[in-house]
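Trainee: One-letter residues, chain by chain:
Protein chains: 2
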Amino acid sequence: MNSSTMEVGRKLVELCRQGKAMEAINTLYSPNIVSIEAHSMPNMPQRMQGIAAIRGKAEWWEKNHAVHKGEAEGPWPHGDRFIVHFKYDVTAKAGPMANQRMTLDEAALYTVKDGKIVQEEFFYYMG
Amino acid sequence: MNSSTMEVGRKLVELCRQGKAMEAINTLYSPNIVSIEAHSMPNMPQRMQGIAAIRGKAEWWEKNHAVHKGEAEGPWPHGDRFIVHFKYDVTAKAGPMANQRMTLDEAALYTVKDGKIVQEEFFYYMG
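Keeping their order, the protein sequence lines are chains X and H.
Numbering that gives the first Met the number 0 applies: residue 0 is where the first sequence begins, and numbers increase by one.
Numbering that gives the first Met the number 0 applies: residue 0 is where the second sequence begins, and numbers increase by one.
Please keep in mind that the hints were generated in silico from the structure rather than gathered at the bench.
Beta carbons are placed, not taken as given, at the ideal position from N, Cα and C, and that holds for glycine.
It is possible that part of the hints are untrue.
[Said to hold, decoys possible] Each computed SDA-like pair below joins lysine to any residue, with the alpha-carbon atoms no more than 20 Å apart:
| hint | chain 1 | residue 1 | chain 2 | residue 2 |
| --- | --- | --- | --- | --- |
| 1 | H | K56 | H | A20 |
| 2 | H | K10 | X | E105 |
| 3 | H | K86 | X | E70 |
| 4 | X | K10 | H | M125 |
| 5 | X | K10 | H | G126 |
| 6 | X | K10 | X | F85 |
[As the list claims (entries may be wrong)] In silico contact screen, one side only, chain X against chain H (beta carbon under 10 Å); selected entries:
| hint | residue |
| --- | --- |
| 7 | M5 |
| 8 | G73 |
| 9 | P74 |
| 10 | W75 |
| 11 | P76 |
| 12 | H77 |
| 13 | D104 |
| 14 | A107 |
Only chain X is shown next, with the shape it has when bound in the complex (with noise of 0.2 Å):
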């Protein structure tokens, strides 16, 4: 295993922890990230690409959901890759589910190189 998978992400983990999303983008993500969604939603491509469109999703996201409660666990690393386990209780602000309290369960699979994430995968059931 590259040690540099296990390092990248305990510290994307340490941050999501403490809420800071937009530092690990800062700080761990690569210029190039592609970030992929499990679906497509409303507005929002399933694929994005670029440190740019990925700082707007998570202001986005920030903006649109107060967050009572995130977890992060693992990582559990594979070679280059990655596994982090998610779980946040939130109340969406806007959009169809305005005001709905619900909790978002996930996991996501993230790709290292050259010591930055440059691929993010969430995986997650929509009913």
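Guided by the hints, dock chain H onto chain X, whose structure is given.
Mentor: Okay, now just chain H, sitting in the frame of chain X:
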């Protein structure tokens, strides 16, 4: 998402929770299953292929570990893949860890094709 991904994942989690790993292999795995560990082990290659080899691996596991408690969380799906989080409280019966009680905490990434699991990859850290 291929709807069978979630269905196969749910069956796998259910059987693992019941301690029925061999039944999961026999009913959900492709004859050409590829199984990849995060690391190679003494006497076990990192990559194994074929249902016979994977049955042998599961038999070795069952023979060499006393499982006090097993938990499976998930599945979290994305396209034709899904992730499961496993946590086992075990005591090794043989080998360098004989008589040691330990927690095995890992994530697994599965790939499904034509309703069968064709690949499993295990993510974990060995300090």
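Trainee: Next step is simple, just say for each hint if it's right about the structure.
Mentor: Hints, one by one, checked against the model:
1. Distance restraint check for K56 (chain H) and A20 (chain H): the Cα-Cα separation of roughly 11 Å lies within the 20 Å cut-off, and the hinted pair is therefore satisfied.
2. For a cut-off of 20 Å, the pair hint linking K10 (chain H) to E105 (chain X) stands: about 19 Å separates their Cα positions.
3. Only pairs whose Cα atoms come within 20 Å are accepted, and K86 (chain H) paired with E70 (chain X) is accepted, the gap being roughly 17 Å.
4. The hinted pair formed by K10 (chain X) and M125 (chain H) meets the criterion: a straight-line CA distance of about 18 Å does not exceed 20 Å.
5. For the given pair, K10 (chain X) sits about 17 Å from G126 (chain H) by alpha-carbon distance, which is consistent with the 20 Å threshold.
6. For the suggested pair K10 (chain X) and F85 (chain X), the alpha carbons sit about 15 Å apart, so the restraint of at most 20 Å is met.
7. A distance limit of 10 Å between C-beta atoms decides the matter here; for M5 (chain X) the minimum to chain H is near 6 Å, and the interface restraint holds.
8. Interface hint status for G73 (chain X): upheld, as the beta-carbon distance to the closest one in chain H is roughly 7 Å, under 10 Å.
9. With a least beta-carbon distance of about 8 Å to chain H, the hint placing P74 (chain X) at the interface is held under the 10 Å criterion.
10. The criterion of a C-beta within 10 Å of any C-beta in chain H is met by W75 (chain X), whose closest approach is roughly 4 Å, and the hint holds.
11. For P76 (chain X), the suggested interface contact is upheld, since its CB lies about 6 Å from the closest CB of chain H, less than 10 Å.
12. Nearest Cβ of chain H to the Cβ of H77 (chain X): about 4 Å, under the 10 Å cut. The hint holds.
13. A hinted interface residue such as D104 (chain X) counts as satisfied when its beta carbon comes closer than 10 Å to some beta carbon of chain H; here the least separation is about 7 Å, so the hint holds.
14. For A107 (chain X), the interface hint holds, since its Cβ comes within 10 Å of a Cβ in chain H; the closest pair sits about 9 Å apart.
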